[in-house]
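**Q** If you want the building blocks of each chain, they are given just below.
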Amino acid sequence: MAGFINTPLANLGSMCVTALVTLAITLIFRTSFTTNFAQGIISAFGAYIASCAITKWGFPVFVALPLSMIVSMLMAAFVDVVLFRRGRYVNALSKQIITMGLISVITGLTPVIFNEVKEQKYEINPIISGSQVLGKMTNSAGAGVPISVTNANLFWVAVTAVVISLIFILLRYSKWGLSVRATASNEYVAGMMGINTHIVTAVSWGVAGALGALAAFIRAPEASAVSTYFMTDYQVTAFLAGILGGFGTFHGPVICALILPMAEGLIYATLTYITEITGMQDLNNWSKAIVFLIALLIIFIKPQGIFGKKVEKKV
Amino acid sequence: MNRYLKKNYALFNKETRANRGLIDGVKRVAKNPTSQYLFFGIVVCLFGFLVCTVFSRDVKALIPKDVFEIIKMITGPGDLTDFATTFIFGIAAIGFCLLMGYSGLASLGIGGCIGIGTYSVHFIMTEAGLPIIFALLIAVGVALLVGLVVGFISLRIEGIYLVILTLALSEILRTVYSAVPKYATVTYYADFSGVMGLEYENAVRLAFITVFLVVIMIITTNLIKSPTGRAMLAMKNSTAAAQAMGISLIKYRLMAFVICTAYAALAGVLYMLVIPSVTATDPTGPYALITSLNILAAVIIGGYKSIWGALFGTFIMWGLEKVVFLKILKIFFKVFYDGNPTAEVQNTVNVMITVFSGILVIIIAMYFPGGLAQLLTELKFKISKLFKKMKEAKYGKDLG
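First to last, the protein sequences are chains A and B. Once you know that position 138 of the first sequence is 138 in the working numbering, the rest is easy, because the numbers rise by one and skip nothing. Once you know that position 334 of the second sequence is 334 in the working numbering, the rest is easy, because the numbers rise by one and skip nothing.
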């Protein structure tokens, strides 16, 4: 029973990472009208920068984070200016393919830039360590199992909440946010109304790059190593969350990005409990498949997503 | 053939009194896609047997050492395995080409579907010991079901969302494969040495896979040129207009997805014959997202409307590195530095190849949406126009 509360609490970091990546993908999807398959590799690039800064150049941990975010922001904005500005009138599938080519390019360049060290890892645990014990529950064996959440998870939840709230406040109340929403609604008309869509798109890519770098920074200490593909799983989950929430809004995908890892954690705990009771082996490996299947079912029932808007097609 | 057809057989085959000569006959055969594919398959098989013969012990003793060194630098039995891997992904790419170029749907679920093939080989051949035909039937059967599921989903959801859903489906399949640790790694050791001996094993394996590839190419071309293919093309261009013309969207969408999935499953079965062990949790393995993306890139580079294009694109993504670039690197080092390239240089070249293929994908997606096939067609057109101009300059304008 303790697992039902402990597992989602342990998944808090995962939820933050997924939410950040999903927000980044949604921003790019709505302003450049393409799914960014390169989001994972750009985030991983940010993690490489952070880990290089911490392990090689000896920067303190909380200087490396803004550094990696700024570099990722510049890189993503550069990608937009160089590639997507030229390819604005290319059709949607070709834009996706451009992002795919980008994966190869960045995957190839990363080991070269970072001196062919393909995998590094860093620890931020010395800074935020330990965990808070919230209570105790007795499990089926009669022993007391503490319900705890690590300080790191709490800290990252706070940071993610602040960052995501900041982005949503900017989207709703600032001029940039208004420009983004206008561009997302109809790019040509936004241009005609005097919005500089070039700058809007470039800044959106930059923000997406920074969010990705933050997500990778949170993920890196828990991963076994920082490699070029360590964010791929989160990217796939983020895409699914985006569709489940509906790309028609900004908040839909983010909410679903919080729900999916939590659901996975709960199902994992349920399967572990069932394993304890019945003795069937390795049930909890199926948790991800079950969550994805349920998500597919929901999407099948409501194709535009839970929070999405129905688009009327004109003939 | 009834009498009407027989009378008009000549016209049907574009044969007139004017072009009944030998050269015209050869040209007609050469233009026929089926004969082109057969010729390609025969050439590849012969090449494979030639290489294996040259490297076999008896013939090796007859060739002088220096010549043999040069031959070893250019090609070798290892190349045949690389070609086999390229052809396997080529089969999957042809399925994808049919889906994207002729039905207008994209699916990133190829990785998971390759798993259907590998797992059916594992369960049927490694564990139960039955011959390959059963593995093929089971793989295609399961792929049929998966294709039907995806097809039904595609009726509700369109465009970019469908792409992401197929991606999610592929991830579900991959998670299912890695869920039970006992079956997370599948193995099958294919022994082709019984046919012609150990030295010809690579050639026999390559020939086996080439047979499948050629058959798939012929089937797909015939499908494209048939009324089914035309219906799919109509469906791609405008679903509303196709429905107005009486084309059943359900039937052709399902057919397209089923064929694509079946080809991917076939590719999976053949993959197990070449690579003896596959792990499901490997993020760079054949079930991962990166494989589906590479096949998409291959089809785009080669031209998504052309079967030769799909094959060529697959060669660029999978074959170019090992078969061409590494050789050039080794030859370069041998000639200029009289040694072997160090690991560092090899790594740098690997990196450059990855970057190069990425840049190629980007440039082709931006400026040549039809891929290299379109580029070649335009080039051919421009060259023929050039020849026509030269003829006009020499002989004067064609008065018809």
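Hints are computed from structural coordinates only; laboratory data are not their basis. Just so you know, not all the hints are guaranteed correct.
Unchecked claim - Straight-line Cα separation of at most 16 Å, EDC-like style, residue types lysine to aspartate or glutamate; simulated pairs:
id	chain 1	residue 1	chain 2	residue 2
1	A	310	B	344
2	A	309	B	66
3	B	60	B	158
4	A	302	B	158
5	B	327	B	158
6	B	322	B	79
7	B	330	B	158
8	B	334	B	158
9	B	394	B	378
**Q** State the violated hints by number, sorted upward, taking the hints as numbered earlier in the document.
**A** 1, 2, 3, 5, 7, 8, 9
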